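*Asks:* Sequence:
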Amino acid sequence: MVFDAADSRGKPSSYAQDAAMTESYESVGVSSDEDADLKRLGLQSPTKRDIGLLEIIGLGWNICNSWSAIAVTLSISIASGGPVTLLYGIILIFVLGGACALSMAEIASVYPTAGGQYHWTSILAPERSSRVLSYCCGSVNFLGWIANGAGFVIQMPVMVLSLASYLDPRYVPETWHIFLLFQAFNFTFTVYNIFLMKRTAWIHDLGFFISLTAFFVITVTCLARSTPKQDSTFVWTTFINDSGWSSKGVVFFTGLLNPNFIYSGLDGAIHLAEECNHAASSIPKALISTVTIGFVSSFVFSVAVLYSFRDIEPVLQSPYPILEIWSQATGSSAAATTFVVTIAVCGCFACTGALQTASRLTWSFARDDAIVFSSFLGKISPRFGVPVNALVVNSALIFILGCVFLGSSTAFNALVATGLILQQVSFSFPAALALYHRFKGAAAFERVLPRCKFQLPQPVGVVANVLTIALGLIALIFYDFPVVMPVTASNMNYASVVIGVMGLFAIGNWFGYANRRYKGPRLD
1 MVFDAADSRG
11 KPSSYAQDAA
21 MTESYESVGV
31 SSDEDADLKR
41 LGLQSPTKRD
51 IGLLEIIGLG
61 WNICNSWSAI
71 AVTLSISIAS
81 GGPVTLLYGI
91 ILIFVLGGAC
101 ALSMAEIASV
111 YPTAGGQYHW
121 TSILAPERSS
131 RVLSYCCGSV
141 NFLGWIANGA
151 GFVIQMPVMV
161 LSLASYLDPR
171 YVPETWHIFL
181 LFQAFNFTFT
191 VYNIFLMKRT
201 AWIHDLGFFI
211 SLTAFFVITV
221 TCLARSTPKQ
231 DSTFVWTTFI
241 NDSGWSSKGV
251 VFFTGLLNPN
261 FIYSGLDGAI
271 HLAEECNHAA
281 SSIPKALIST
291 VTIGFVSSFV
301 FSVAVLYSFR
311 DIEPVLQSPY
321 PILEIWSQAT
331 GSSAAATTFV
341 VTIAVCGCFA
351 CTGALQTASR
361 LTWSFARDDA
371 IVFSSFLGKI
381 SPRFGVPVNA
391 LVVNSALIFI
401 LGCVFLGSST
411 AFNALVATGL
421 ILQQVSFSFP
431 AALALYHRFK
441 GAAAFERVLP
451 RCKFQLPQPV
461 GVVANVLTIA
471 LGLIALIFYD
481 FPVVMPVTAS
491 NMNYASVVIG
501 VMGLFAIGNW
511 FGYANRRYKG
521 PRLD
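Per my numbering, the very first residue in the sequence shown carries number 1; after that it's consecutive.
If you're looking for bench data, these hints aren't it; they were derived computationally from the structure. All values derive from a computational prediction rather than experimental measurement. A couple of the hints might just be wrong.
Stated by the list, open to error - Subject to a maximum C-alpha distance of 27 Å in a straight line, what follows is the list of computed DSSO-like cross-link-like pairs (lysine-lysine):
hint, residue 1, residue 2
1, Lys440, Lys453
2, Lys285, Lys48
3, Lys285, Lys453
4, Lys48, Lys519
5, Lys48, Lys229
6, Lys39, Lys229
7, Lys248, Lys39
8, Lys229, Lys285
9, Lys519, Lys440
10, Lys440, Lys48
11, Lys519, Lys39
12, Lys519, Lys248
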């Protein structure tokens, strides 16, 4: 279902309609200063600013949903380092992910745009390399969010069917069962985004409340019901290596993928900036809130989980480890079932937010004429107030990625990792350029990042930028490594292959389309 609307790129043919739409939104809290800043960057945004501070914080949180992200991806770190990778990995990711949030919050406080990282790259890069670097960053971010969307949605059928198998051991989920449920969830979340999202922005608040309430209830219940508790030596010092790698360092860094998922989709709030009231202050608050609450909840949850189960072997053998852990911790299949249903509900909020954010990035990239069919994708439906075409096309791409699961679940799992890898790489582009301007001196830095509402002290800014780049390199290198040795066709990590295919698409799109048309925002 596709709805026509005014082209949202700032072109003469659509200025009048865009201006009329913008004027009609002033009564509901449009920030005229921020809209004026967009126009100075050459951007025209007909979107309605109807997302408040609490909603944008809720959106950012719901997408990451850090404690439940640990729950659904626990199998990775259990085999690759065990408790050591999980707990100390969360601490390390908090430091590195916090640096990413600080780096982006500083720039977002000056340039709160839907393009986010690639817009900032365009603005901060030297003029000669601005178009190429920002296009590369935009392609990485766009493709990463498509992969993220598929990765988020696949968790839903996996949870549902794992629960079905747990309740009825005679049932064995087939690949096509997961595929059909995957597509059903993909369709449902897309339809919701088109028809209901603008009317129900409060669902981000609801998801935020449900997630934190569930975190508290599940954590307390596991600690209260489990007896005897695991030994502290096991929780804090046990290193499990079922990966086949001889190097503990490699095992730790490949297993870091699980803790890193606590911030999967960290830039979600950024791409809703043009629909957010007072975005220059709200987006940084959303980023910092997500990182801080995410660390506290995921670390406390992980400690509680490790103390709560009694027998590690069934957990290692389970296709869905958290179910086995909760079953052992509570001694009740009903409680374990309720907990999984709860994180499935949290997953619905996460998927809805992820598809919402991804569509805004696709729309923004098309608004800048950076992708084929830009005139089609860069439109906002006047009836629904959302980029319907971008939502539909993103859903179609996720549908296609879902078909990969039918052929190879291993290849599809690589797609999930690819989304996180590309996310971290996209953060590195503007961080590296901000670092470049810092080294040029205060005057050069103030020229490109004036009037920061969230300006970091120089030493803090340098460290944050360096650590952001470091996490990008860690993700790009170690998350491409095979998780298990020796490598076979069935356990190979195909993330590098997926990135290569995506790279070919980006290169083909550049030479076939964007090179002649794309022009990102510039101060000059």
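*Asks:* Hint by hint, note whether the structure agrees.
*Replies:* Hint by hint, here is what the structure shows:
| no. | hint | verdict |
| --- | --- | --- |
| 1 | Lys440 x Lys453 | holds, 21 Å |
| 2 | Lys285 x Lys48 | holds, 20 Å |
| 3 | Lys285 x Lys453 | holds, 11 Å |
| 4 | Lys48 x Lys519 | holds, 24 Å |
| 5 | Lys48 x Lys229 | violated, 52 Å |
| 6 | Lys39 x Lys229 | violated, 60 Å |
| 7 | Lys248 x Lys39 | violated, 52 Å |
| 8 | Lys229 x Lys285 | violated, 38 Å |
| 9 | Lys519 x Lys440 | holds, 25 Å |
| 10 | Lys440 x Lys48 | violated, 38 Å |
| 11 | Lys519 x Lys39 | holds, 14 Å |
| 12 | Lys519 x Lys248 | violated, 46 Å |
Comparing the model with each earlier hint shows violations of hints 5, 6, 7, 8, 10, 12; every other hint is respected.
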